[in-house]
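Protein chains in written order, with our numbering: chain C, 1 to 339; chain F, 1 to 339.
These are computed hints drawn from the structure, not numbers from a lab. What you are looking at is a predicted structure, and each value in this text was computed from that prediction instead of being measured. Possibly wrong hints are sitting among the right ones.
[As the list claims (entries may be wrong)] In silico DSS-like pairs for lysine-lysine, Cα to Cα no more than 25 Å straight-line: (1) C/K56 x C/K105; (2) F/K261 x C/K261; (3) C/K63 x F/K179.
[What the hints assert, rightly or not] Here's a subset of chain F near chain C, in silico, CB distances under 7 Å, partners left out: (4) I139; (5) D140; (6) G206; (7) A230; (8) V238; (9) A256; (10) A259.
The C-beta atom is built at its ideal place from N, Cα and C for all residues, glycine as well.
Spelled out, the chains give:
2 protein chains.
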Amino acid sequence: MGGDQGPAVTVHGVAEAARSLPGSCFLLHGDEAALKLELAKVAGLADRVEIRHTDKVVAMDEKPATAMRRGKGSSMWNAVEAVKSGEAMAAISCGNTGALMAISKLILRMCVEVDRPPLVVSWPGSRGYTTMLDAGANIDCSAQQLVEFAIMGEAFHRAAHGVARPTVGLLNVGSEDMKGHEEVRLAHTILKSGQFDLDYRGFVEGDDLSQNTVDVAVIDGFTGNIMLKAAEGTARYVGAELRAALTSSLITKVGALIARKGLLAFREKLNPPPAAPLLGLNGVVVKSHGGATAHHFADAIRMAADLARSDFAAEVERNMTRLTAAVGDHGLPADEEPS
Amino acid sequence: MGGDQGPAVTVHGVAEAARSLPGSCFLLHGDEAALKLELAKVAGLADRVEIRHTDKVVAMDEKPATAMRRGKGSSMWNAVEAVKSGEAMAAISCGNTGALMAISKLILRMCVEVDRPPLVVSWPGSRGYTTMLDAGANIDCSAQQLVEFAIMGEAFHRAAHGVARPTVGLLNVGSEDMKGHEEVRLAHTILKSGQFDLDYRGFVEGDDLSQNTVDVAVIDGFTGNIMLKAAEGTARYVGAELRAALTSSLITKVGALIARKGLLAFREKLNPPPAAPLLGLNGVVVKSHGGATAHHFADAIRMAADLARSDFAAEVERNMTRLTAAVGDHGLPADEEPS
Chain C
1 MGGDQGPAVT
11 VHGVAEAARS
21 LPGSCFLLHG
31 DEAALKLELA
41 KVAGLADRVE
51 IRHTDKVVAM
61 DEKPATAMRR
71 GKGSSMWNAV
81 EAVKSGEAMA
91 AISCGNTGAL
101 MAISKLILRM
111 CVEVDRPPLV
121 VSWPGSRGYT
131 TMLDAGANID
141 CSAQQLVEFA
151 IMGEAFHRAA
161 HGVARPTVGL
171 LNVGSEDMKG
181 HEEVRLAHTI
191 LKSGQFDLDY
201 RGFVEGDDLS
211 QNTVDVAVID
221 GFTGNIMLKA
231 AEGTARYVGA
241 ELRAALTSSL
251 ITKVGALIAR
261 KGLLAFREKL
271 NPPPAAPLLG
281 LNGVVVKSHG
291 GATAHHFADA
301 IRMAADLARS
311 DFAAEVERNM
321 TRLTAAVGDH
331 GLPADEEPS
Chain F
1 MGGDQGPAVT
11 VHGVAEAARS
21 LPGSCFLLHG
31 DEAALKLELA
41 KVAGLADRVE
51 IRHTDKVVAM
61 DEKPATAMRR
71 GKGSSMWNAV
81 EAVKSGEAMA
91 AISCGNTGAL
101 MAISKLILRM
111 CVEVDRPPLV
121 VSWPGSRGYT
131 TMLDAGANID
141 CSAQQLVEFA
151 IMGEAFHRAA
161 HGVARPTVGL
171 LNVGSEDMKG
181 HEEVRLAHTI
191 LKSGQFDLDY
201 RGFVEGDDLS
211 QNTVDVAVID
221 GFTGNIMLKA
231 AEGTARYVGA
241 ELRAALTSSL
251 ITKVGALIAR
261 KGLLAFREKL
271 NPPPAAPLLG
281 LNGVVVKSHG
291 GATAHHFADA
301 IRMAADLARS
311 DFAAEVERNM
321 TRLTAAVGDH
331 GLPADEEPS
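When you get a sec, could you build the whole thing from the sequences and use the hints?
In structure tokens:
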């Protein structure tokens, strides 16, 4: 049923994704009449789409706890349930993020120690995107959880960006072994032990993100959230100042008008992709932005398809098994139950 | 003896500052011959300057520990020593930051619980600057230390920016009371108790920095460092992309040339002031950037003069006394010795 703009976005997004994913079929969960109305506008999609009617919708402003209690039978719930039952290979939503996380966790269960799926961000930089996680779902992160982020982020980056062997770094205040607090140093020790099947490059710093020094950058959710918002704020501020500077006089306005094509390309480049996976679940769920366009939603579907067709789950499981072994070696509480 | 560019910068910086600070006198510590050579180029300064000769200099790449052990008698050491003895009201340096911190701490001692003076950053935004601390000196910060940063940052912002009653916020992942980890929540409880003479506004988020929502934003040094570098990296990336976009074709180049004045004003606006105080010491020490120009160094001198002439020390002491009282109320370890 879509996010802020409803099923128009999702149905047209499905139409775009269907063209680039031959053989794929789609279950559309939601109000049959509304969905049929949109489907009628798109040629040749009807035979690849099945509508699963429900008139129950999780509102964009619904609290996650409420969505968990009362969300059963909603379009979001049914989409995730279809992944659980094996009928669908992935669920894609541009609805309420907190509700999607809560419902996904309830239905699919976490396969890792973290309490909530880490927020994954594609950080734009001079050489592409760096996958950054956690951007805010888990505030206090143990060393073990940071290693889990590294494992999941690496497998995700390979699946989503087609990089055969993504490089991984731990965000810290410097590159020497003794830098940072205890958890980040312990995670560093575990990761550099060489027990994992991943290309760990050690500590990286905040400015390595926009230089894409590594493909995957790992951080606790507290720092990740504040850092991401500070950088987004900076980018917005820079953009606003630039606009002010270029409209400060008739002369600069003329210049900006002439350079318009370059300035538009510049703005386009700064927009991060609006799709993000919910990692750590027993199943593929991808979140598209609430204000996503049909094109954005198609991108989210392609990301979900990439993940579902990849060896993501097996790769994560292999490294998680190694982590369980490593945990004993480094004196971590190995007998703790995953929450 | 200056930073990367030697005494030319410092002497000409003193000349500029002397014009805006009537009645002020300056002790110049360093090589007498080199300093005299520069002084001869500036008219009317000689009678307000006294040279304190030393041929010993702390190198820009010297380790802080080495500077502490072998720095005695160097120009940096003598400048800080003059503050201790009461001969100078403040010390200003654009030399080695780590060495200046270590030497200042050794000679002047800390007046607060934190181990090292917090790094203070002026974060540029749409309505001026937000004073952000700690940007990386103290990695693990207790609730008490976060409150100390708030106290020092508030008094500094008033002295340096002439704001009668600066507003203070704690950086967190959201604005509700239950957000964030234990230390930040406890610091919030202490600050909002109303026991302090400061205008505490509660939790703020990363994007509040470039919106200047509060005058002073407090954070632990781990998050502060990574956040600052991520934002600096983003600003550099945005600048590079803008340059690339504006030179991508002859047309955009012509536009950029016409809009040049606006673009230069834009670039100027993004540069943060290159002076920062070392707070928490028993005495005023201001650090100017290693690559500072004479104008930057003059700014650092003016900041030092503002701090020295203000009630900074008394204001901090008053609130610190209240903190000691509050610490008991909130079950913090009150008997711990300041390190």
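Going down the list of hints, with the structure as the test:
1. Pair hint C/K56 plus C/K105 holds up; C-alpha atoms about 20 Å apart against a cutoff of 25 Å.
2. Between F/K261 and C/K261 the alpha-carbon distance is near 20 Å, which keeps this suggested pair within the 25 Å criterion.
3. For the proposed pair C/K63 and F/K179, the alpha carbon gap of about 16 Å is at most 25 Å, so the pair holds.
4. Look at F/I139: its Cβ gets to within about 5 Å of chain C, closer than 7 Å, so that hint holds up.
5. Using the Cβ-Cβ criterion of 7 Å, the hint placing F/D140 at the interface with chain C is satisfied: the shortest such distance is roughly 5 Å.
6. Residue-level restraint check for F/G206 holds (minimum Cβ-Cβ distance to chain C is 3 Å; threshold 7 Å).
7. Evaluation of the F/A230 hint against chain C yields a held restraint, the C-beta minimum of about 4 Å falling below 7 Å.
8. Using the Cβ-Cβ criterion of 7 Å, the hint placing F/V238 at the interface with chain C is satisfied: the shortest such distance is roughly 5 Å.
9. About 5 Å separates the beta-carbon of F/A256 from the nearest beta-carbon of chain C, less than 7 Å, and the hint is met.
10. Given hint, F/A259 at the interface with chain C, holds; its Cβ is 3 Å from that chain's nearest Cβ, closer than 7 Å.
In this structure, none of the earlier numbered hints is contradicted; all agree with it.
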